[in-house]
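Engineer: The primary structure of each chain is shown beneath.
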Amino acid sequence: MLAYIGRRLLATIPVMAVVAVLVFSMLRLTPGDPAAIIAGAAANSQDIIDIRQKLGLDRPIVEQFAIWIGHVLSGDFGESFFFKKQVADLILDRVGPTLALATFTMVWSVLIAVPLGVIAANRQGTWVDRLVMGFSVLGFSVPVFVIGYTLVYVFSIRLNWLPVQGYQPIAEGLGGFLQRLILPSLTLSVIYIALIARIARTSIL
Amino acid sequence: MLNRRFFHAAFLVAIAAAATLLPPADVRAQSVLRVVKHSDLKIVDPIWTTAYITRDHGYMIYDTLFATDANNQIRPQMVDKFDISPDKLTYTMTLRDGLLWHDGNTVTAADCVASIKRWGAKDAMGQKMMSFVKEMPIVDAKTFKIILSAPTGLVLTALGKPSSAVPFMMPKRVAETSPSEQISDYTGSGPFVFKKDEWKPGDKAVYVKFDKYKPRAEPPSGLAGGKVAKVDRVEWRVVADQQTAVNALIQGEIDFIEQPSHDLLPILRNEGNVKLVDWNPLGNQYAFRFNTTAKPFDNAKVRQALLYAFNQQDFLQAVVGDKQYYKVCKALFVCGTPLASDKGMDGLLESNFTKAQALLKEAGYDGTPIVLLHSTDLQVLTNLAPVAKSLMEKAGFKVDMQDMDWQSVVARRAKKDPPSQGGWHAFLTSWVSADILNPVSTAFLNASCDKALFGWPCDMEIEKLRDDFARETDPAKQKAIAEAVQLRWTQYPTHIHLGQWYQPGASRKNVDGYVVAPASVFWNISKTGK
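Protein sequences, first through last, are from chains V and R. For the first sequence, position 5 (counting from the first letter as 1) is numbered 5 according to the working numbering, and the numbering increases by one without interruption. Start counting at 1 in the second sequence, then tack on 1000, and there's your number in the working numbering.
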């Protein structure tokens, strides 16, 4: 098992390398001058030249890539020129909400979809089966934003049970954390519920 | 038995969960104003960028020497008293007692001189003012002088200018940062303190009341007067989706939306707990900017053709839609303000395509496609470029409208490359009216060639008139010069103004005291109940 995990991890290295080259190239070769963006609207030509030199944007692109990848490999993602914060910190700020949302979405999906699929299989051909499969078709077809707005309208605006928006870290209270995750994760899970319910039903039959 | 145990455990968990629904006691005791601003705060140096969100951040944490009141008059703010010598060459300014930085140190004249220098190196109006400044000697800890080489009416107007870039005062150690670099120390002396540790770009920016701020005794008026913080904490929340922000306001999760989109205003108007707030009656002005260095817009006649081809109504209707929130206005310097005039505007901006086509023929336009940058992600700009394209094509232009997000427009417009090689011919934007009330502050009228803003117009006559305006102190003569600028502009268009529009905010009804000003500020605002 460990060997398998090791092999899989090693296999990601060339993928990461290709992604790094592609992303770097796309950002640097597409129209637009980062120095001009950074310099702001009121900057003159000299300001832009100064920033370009300071950030090394006037060097050959291969050299720029080598410097950047060297820093990344040593764990230094640099400081965001705009935010004046460490890029690693900016990414870390978003890890918590992302993981929480992904986890909740998965939990909803499995908790709801598997029983639905089992029930539909057990009642094959009955109205229950048709109801579950109808829901499944709807889950695939209705855009996420429509589901989101509908859930907000029902559970936030009409029933006043859950907040419309926002995120609260778990450290600031479990209740607020859960309250704010229910609607977005439920919205995102609808398409997975539809998919997994169909798979579960088919597997049993 | 198992069931009883299960239900007992479930009950305890439910009680514990319910307890965590309540915020901590110290937060409950605070009055918190939760606001959705027009964009996310990304840059926090209001001298380095002219972005309005950063300007508004500046008003939270910094103070100004002078400020513009509700009647567009310049009033002392941090300054207690000032004196102008009879020859109008020396301004002596003394700071108020009790002004403190957020770190507890006293605000000094040296701080203010350093701040003026940094702002004067960056801001267009500041640069013009500084071209008159010979020296700024410090008299004592609270007093300094501004000594001019020639009289100008610009000193107080520039130091009290309401919008970007506002001459905010910073500690000397911060103000000594190069103007082309961003500051990293956010110590101010304004009514609120920036909580850097709670700032999460893309999520929220937090400000808390500065208990040691000493407001002026006068009531607030525009951006002048007493800045009394009446809430303990202001949170700028990022809610990217307008409909979600509106739902959150209706539910009381937030207290104020600075710029709800116009199509959602009817919903808000009918909500019992929500009111619309006209915090910026001066409004905004749309503008079409030429790249005067790129053929065919290097030819003034081709640019004039668009002055005839365009009409403001089409643009305003396409973006704003509701007549209550827009105004057709031919005055370059904003209708309803002292320098507004229709001089030279007869027959212009009336979609006279025959005249436009004749001018294009006279100019020898060869059918070069016009690269028109189309910003697609800002609701208040998105519909402008398609209208421009349609009217330009009716006038005989070929138009290559290129779709991109606003940040890409910002990147492209700085490029001087030929339009066919990644440059540009034209784009559309919007100005807060307070930024364009006279020929000096109107950045698009800066026609100093390479030193001008992107588009780089180059006209010595406009520049001479702007200098004359800066030197003039008599309001009547200033108005005559402003009209002369407008007349010259009809011959050498640097941009085209496309009408005024207004943006009310939306607030919960339990929040009061909004200050009417060109920038959305949060002193004087109180909140009752939840």
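One or more hints might be untrue.
The calculated DSS-like cross-link candidates involving lysine-lysine, where the alpha carbons are at most 27 Å apart (straight line), are [unchecked claim]:
hint	chain 1	residue 1	chain 2	residue 2
1	R	Lys1209	V	Lys54
2	R	Lys1209	V	Lys85
3	R	Lys1037	R	Lys1275
4	V	Lys85	R	Lys1275
Covered by chain V, according to a simulated footprint, are these stretches of chain R (three or more residues, beta-carbon under 8 Å) [as the list claims (entries may be wrong)]:
hint	region
5	1177-1191
6	1247-1259
It should be emphasised that the hints constitute simulated quantities derived from the structure, not laboratory data. All C-beta atoms in this analysis are idealised placements derived from N, C-alpha and C, irrespective of residue type, glycine included.
Engineer: Please list, smallest to largest, the hint numbers that this structure does not respect.
Structural biologist: 1 and 4
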